[in-house]
Amino acid sequence: MKVEVRFFARCREIVGEKQREVELEDGMTLKDLKELLMQEYPELKRLTLLISLNHAYADPEATLNDKDEIAVFPPVSGG
Amino acid sequence: MITNEDFSIDTLVEKMKQPGIGGIVTFLGTVRGDAGITTLNVEIYKAMAVGELEKLKREAREKFEIEAVEIVHREGELNVGENIVAILVGAKHRKDAFRACEYLIDELKKRVPIWKKEG
Numbered sequence: 062m063k064v065e066v067r068f069f070a071r072c073r074e075i076v077g078e079k080q081r082e083v084e085l086e087d088g089m090t091l092k093d094l095k096e097l098l099m100q101e102y103p104e105l106k107r108l109t110l111l112i113s114l115n116h117a118y119a120d121p122e123a124t125l126n127d128k129d130e131i132a133v134f135p136p137v138s139g140g
Numbered sequence: 002m003i004t005n006e007d008f009s010i011d012t013l014v015e016k017m018k019q020p021g022i023g024g025i026v027t028f029l030g031t032v033r034g035d036a037g038i039t040t041l042n043v044e045i046y047k048a049m050a051v052g053e054l055e056k057l058k059r060e061a062r063e064k065f066e067i068e069a070v071e072i073v074h075r076e077g078e079l080n081v082g083e084n085i086v087a088i089l090v091g092a093k094h095r096k097d098a099f100r101a102c103e104y105l106i107d108e109l110k111k112r113v114p115i116w117k118k119e120g
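So the protein sequences, as listed, match chains P and X.
Numbering-wise, our numbering comes out as the position in the first sequence, counting from 1, plus 61.
Numbering-wise, our numbering comes out as the position in the second sequence, counting from 1, plus 1.
In short, the hints are calculated from the structure, not lab data.
There may be inaccurate statements among the hints.
[As the list claims (entries may be wrong)] Distance windows between CB atoms, simulated:
#, chain 1, residue 1, chain 2, residue 2, range
1, X, 18, P, 96, 33 to 43 Å
2, P, 119, X, 19, 36 to 46 Å
3, P, 79, X, 93, 25 to 35 Å
4, P, 96, X, 66, 27 to 37 Å
5, P, 111, X, 55, 16 to 26 Å
6, X, 93, P, 81, 47 to 57 Å
Because the structure is a prediction, the values reported are computed rather than measured.
Built from N, CA and C at the ideal position, the CB exists for glycine as well.
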């Protein structure tokens, strides 16, 4: 399956793009995806990473499905 | 609401006024000119932020006795002194309006996917 991963703020700068497709094996969770991304972009390990699934904060154990939209970002700082 | 353009707090207040409201509390966040700062870049994950803002407004209505609530946040590059965020809460009585307004800005800062970068 393929999921769409979007990156924001410092995470976007580290990855060097706003979004990309990631090919995953069936049954993989948000946590698995986070680990894959940290292997590929070791600098992400230095940050506190927040992750959303389909536009909402989600349980790291949530199983991913084809075409899900995941976003990876540092702690928010709006207002 | 998320916008690229500036907003008028007066217009937002006028829109909120209605006979059932006896007090409107507003919070207006602006770009502070700390040393070395000339601009602030505001980045927003819009598809998620819109939903999170709606959630916050729903929660405020459940927790406090309020009649109306509005949140406006700007995105893009802002100069020192410009508006960043407005929160308005209208209620029958002031206490719940003050409490709800503080709750909303505190939670917005914790949860809504918005990032500010100084330039």
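Fill in: Hints violated by the structure (listed by number, smallest first)
Hint check: 1, 3 and 4 fail, others pass.
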